[in-house]
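Q: Residue numbers (our numbering), protein chains in the order written: chain B, 1 to 420; chain H, 1 to 331; chain G, 1 to 290.
Any given hint could be a false lead.
Unchecked claim - Think about it this way: if two alpha-carbon atoms lie no more than 20 Å apart in a straight line, the pair counts; the simulated EDC-like pairs of lysine to aspartate or glutamate are: (1) G/Lys8 <-> B/Glu228; (2) B/Lys167 <-> B/Glu406; (3) B/Lys303 <-> B/Glu71; (4) B/Lys127 <-> H/Glu152; (5) H/Lys117 <-> G/Glu92; (6) G/Lys8 <-> B/Glu227; (7) B/Lys224 <-> G/Glu3; (8) H/Lys117 <-> G/Glu96; (9) B/Lys175 <-> B/Glu192; (10) B/Lys216 <-> G/Glu264; (11) B/Lys216 <-> G/Glu138; (12) H/Lys117 <-> G/Asp93; (13) B/Lys130 <-> B/Glu345; (14) B/Lys216 <-> G/Asp222; (15) B/Lys417 <-> B/Glu358; (16) B/Lys400 <-> B/Asp372; (17) B/Lys145 <-> B/Glu128; (18) B/Lys417 <-> H/Glu152; (19) H/Lys115 <-> G/Glu96; (20) B/Lys130 <-> B/Asp349; (21) H/Lys202 <-> G/Glu92.
I should point out that these hints are in silico values taken from the structure, not numbers from a laboratory. These numbers come from a predicted model, not from an experiment.
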Amino acid sequence: MNRRSFLKQVIFLGAAGFLTYLSGCLGQKPSLELQEKPIRIGQLTELTGGLAVYGYSNDATAKAAVNLINETGGIAGRPVQYVVEDTATNPTVGIRKMRRLIELHKVDFIIGSQHSGIAIGCNPLAKEFKTLHFPLGEATSITEKDGNRYVFRINNNVREQVKAGIKFAVEELAKKWVTVVLDYSWGWSNEEEFKKYAEQAGAKVLLSIRTPIGTKDYLPYLSKIPEEAEAVFFANWFSDFINFIRDLHTLRPDIIKYGPVCCIEGVNLEPLADQVEDAWFLTWLPRNLEGYDTEFHRMFREKVGIDEEGREIGDPSKIYTVSHCWAVWEAIFAIKEAIEQCGWESKEDNPELIQALEGMEFKESLSHPQGDKFLRAEDHQAFMQHFVDHVENGKLVTKKIISIDESIYPAQVDYTKEGF
Amino acid sequence: MPQSSNEGFFFNRKIRVLPYLFTLALLVFLGVIGPIHIKTLIMEIMIWSIYALAFDLLFGYTGLFSYGQALYFGVGAYSFVFSLRHLSMNFIICLFAASFLTSVLAALLGLLIIKTKGAYFVILTIIFNVIFYLLAMDLTWLTGGEDGISIEIPPITIGKLCLSLNNPTTSYFFYLFFSLATLVFLKRIVDSPVGRVLFSIKVNEERAEYIGYNIYAYKMFSYVMSGFFCGLSGALYTSWARYASASYFSIIISGEPIVWSLIGGPGTLIGPVIGTAIIIVLLDYLSFYWKYYLILIGTLMLVVLRFSPRGIVGFLKERIEVKLDDCRGPP
Amino acid sequence: MVEMFLSKLAFSLLNGAVWGLIVSLIALGLTLIFGLMGIINIAHGDLYMFGAFLSWYIINYTGNYWLSYLVPPLLIGLLGLFLEKEVLRPFEDRPEYTVIATIAIGYILQHIALAIFGGSTQVVRNPVPASLHLFGIEYPVYRLFAASASLLLLTVLWLILYRTTFGLWIRATMQDKEIAETSGIPVNRVCMVTFALGCFLSALGGSLAAPIVQISYLMGFDVLVLAFIVVVVGGLGSLKGALVTSLLISILENVLSIYLTPLESRLFSLALMVAILVKKPTGIFGRQTE
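Starting from the given sequences, assemble the full structure and let the hints guide the process.
A: Written out as structure tokens, the structure is:
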């Protein structure tokens with residue numbers, strides 16, 4: 001060991017430490033001192049990774065919502081700034097970015113991830129940093145055992161979805177069901193909830209099939225479907241769904257098919273026209289405008305840049321996740337309404353804001369294009385209407401609107417008793 | 001001139017620790033007055049560096065290229081969660097319990113894995129990783145599957161001292177302690193005779209065997225040690241994130257320490273730490289400014305590899321040595 | 001009862017064989033590349049993904065399926081020439097470094113695909129929508145087509161390797177690079193072309209699989225792990241090994257899933273792979289000496 005190695009060690013270690021510090025400082029953007037201190041809304045979303053198609057839509061929707069708010073006078077007269085961070089659909093990255101949003105970008109509110117795992121991982125951080133978190137993940141537990149007082153969900157969850165659709169499924173589709181779900185938590189909770197509610201409604205689930213993620217070949221699983229089964233309830237997404245429906249179509253072309261819209265979100269149905277023909281989808285907002293052609297829904301699409309068939313205006317190859325991305329829009333407007341109602345000024349006032357949001361009702365408007373809804377005070381879960389789409393000639397046609405009452409289930413937790 | 005060389009020896013002994021002291025002072029300084037997001041960043045880098053070091057002990061010092069260390073990261077994470085839940089002891093004991101359990105598992109799997117060589121070793125580590133990933137995804141009642149489990153870390157009180165990880169400064173020094181301890185411990189290992197043998201296995205396995213070393217036992221030692229530190233990093237990460245999910249077992253997590261340690265400089269202790277810091281910082285900042293940041297990261301990796309297969313540390317080492325040789329003039 | 005079991009068994013065997021053939025096409029490229037250059041090509045799955053995406057693009061804009069089988073593999077093959085010569089050559093025969101270099105290439109390819117094609121899952125319309133009545137079950141014809149195309153390609157590959165001078169060169173280089181070089185074989189060029197051939201095969205696998213599997217920018221990953229297991233368990237550098245193992249693993253999983261849950265059958269087949277490697281640490285058909 002000599003002077004040489006001394007020098008190099010100084011340089012390495014010093015450089016390493018300093019680099020970290022410097023890069024940290026670099027990220028601190030010069031805060032824009034506007035006349036009014038802006039309200040900062042951060043979004044944690046999946047710009048890359050497995051759920052990138054959701055992230056694309058969620059990001060665009062949030063930008064549109066923030067632009068609209070800023071054009072029309074901001075929130076309580078204050079401008080809104082929007083920051084987005086990418087989770088890469090990976091919980092370890094997601095948690096890191098959640099902290100970055102809070103600590104570095106100093107956001108006041110966070111629109112959370114579409115990925116349930118990331119949402120669950122971020123919930124404790126929301127409480128720790130006393131920052132309101134509006135996750136988009138649909139696992140029921142996000143507003144149950146894995147939630148807390150700082151977590152609000154403006155969109156629905158698996159239990160709510162299954163419950164909303166069950167009456168339709170049992171009374172109008174079939175009595176003897178087989179469920180085919182993805183072999184992981186989201187699929188299982190769909191399977192369990194469906195079985196529970198279907199049996200309550202007087203139907204029977206003959207067989208439950210679970211298929212691993214990434215299955216290319218569904219024939220071995222689907223060949224187990226008993227002859228007497230009348231209908232299949234499915235919960236699988238992206239390529240798994242497409243492989244599934246293709247193989248199901250080959251095996252049992254006549255069987256009734258019903259499942260949540262997540263399976264086809266962002267997928268172009270055109271090349272699949274034959275296979276998905278006659279399938280039923282429970283959706284939270286129809287992909288085609290004509291299924292729910294209200295003034296506000298039309299305006300919402302116009303502002304975000306979605307055409308009448310759910311594609312991006314100007315780039316028809318990009319299909320928006322219309323059934324999900326409205327929740328980003330509505331969450332941002334819910335923040336606005338709650339702030340204006342309780343006179344929130346900074347994070348210090350979060351307890352008042354939370355109390356304002358608990359039990360808040362939203363009327364159908366441009367702020368809430370999906371329809372009326374309310375946030376239940378106990379578990380911070382929103383309840384809303386659902387839609388049933390049917391594929392006819394390769395197009396999704398909305399056949400039924402299910403009222404809010406159908407989706408309400410008893411609350412399992414009571415956050416209002418929790419402190420702040 | 002024995003005298004001067006003796007002086008030089010003492011001088012060097014002293015200045016040798018100086019850069020470390022300097023870094024330590026910087027880290028302590030940042031821990032006290034640094035802004036919170038910098039602390040968070042450094043904490044995360046420290047935790048992941050332990051993971052990168054664990055990989056580097058295996059690859060950089062023993063020549064065993066594992067593409068499945070996420071297995072031990074995940075097992076460490078979950079053993080921490082379970083011991084926290086069921087043992088109801090303080091979380092520091094749980095950390096050690098988790099790392100210990102992980103190293104036991106590493107020893108068991110090592111029995112099967114260690115004897116294979118080269119690509120066969122790589123693929124066995126991958127297969128075991130996939131098996132555990134599938135199990136973790138499937139046993140939802142235990143692991144929470146993809147949705148994961150979130151936990152709360154109860155603070156512990158020792159006398160009048162209350163240690164709560166919710167306090168950023170406390171947790172900063174807590175993780176600083178563990179990462180320094182790991183570094184020191186690994187330094188002791190690689191500088192010890194055992195470490196020399198490990199290195200000789202990397203350089204020439206057959207020769208090491210002919211000399212009479214039981215290379216199987218030494219490899220096993222390295223593998224179990226690596227498992228221990230992967231487990232520790234998994235447990236520490238869980239305590240930091242308050243969350244564990246099946247995705248910790250993902251093979252993507254297995255690939256990360258490979259990138260970190262090869263970019264930083266394999267076969268050194270400081271290299272993996274620098275590699276981890278650089279990649280994490282870059283990922284964080286690039287991903288904020290450009291959506292397709294992996295294009296840049298990938299290019300950077302190729303450039304670094306092209307100019308120095310020994311990583312950034314190797315590259316700098318060479319440059320500085322050349323410069324100093326120039327300064328000294330002709331002999 | 002017995003009849004039903006037999007028909008199920010026959011069905012699983014057929015189905016397993018079809019998948020095994022498609023996977024072996026991808027695995028073969030991998031094993032050739034490793035055997036010749038010591039490159040552990042992590043980007044192989046991403047090349048497969050690019051092949052599938054390009055053929056989706058071509059089908060969308062021209063509607064011509066034959067073009068979609070021809071153009072993407074050629075383009076990816078060209079890309080392979082470039083990658084081997086300009087990017088990977090300095091790292092050859094140092095597998096650890098090729099891992100990280102190909103991880104980097106994979107990163108770049110993935111995000112280029114994300115930027116160009118977007119994050120959504122794309123579907124290619126099935127060119128042969130018919131199905132055959134086989135063993136009491138409707139079986140899609142396209143799969144049989146894809147399997148026979150793979151079989152044909154495997155035969156062609158075998159002919160190239162064992163019946164042409166170039167194949168001889170490849171085999172000679174695989175056995176000993178230096179001796180090959182001294183006997184006048186243009187080793188560098190052989191490596192370059194073989195790498196391109198491997199890329200060609202994986203892109204072709206992507207094009208063939210495009211109407212069966214769905215196309216997303218992360219699709220390469222699933223295939224990669226399976227292909228790697230197949231290649232190594234079969235014995236590195238052994239074409240026969242890759243073919244046999246991919247048929248074995250695929251048929252086994254199919255047959256097992258008659259009685260077991262998918263997870264159990266997957267675990268069982270993985271455990272079998274571990275057992276094979278522990279018992280015979282150089283794979284089924286691997287050479288005994290390193």
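Q: I'd like to know which numbered hints this structure contradicts. Please list them from smallest to largest.
A: The structure conflicts with no hint, since it agrees with every one listed earlier.
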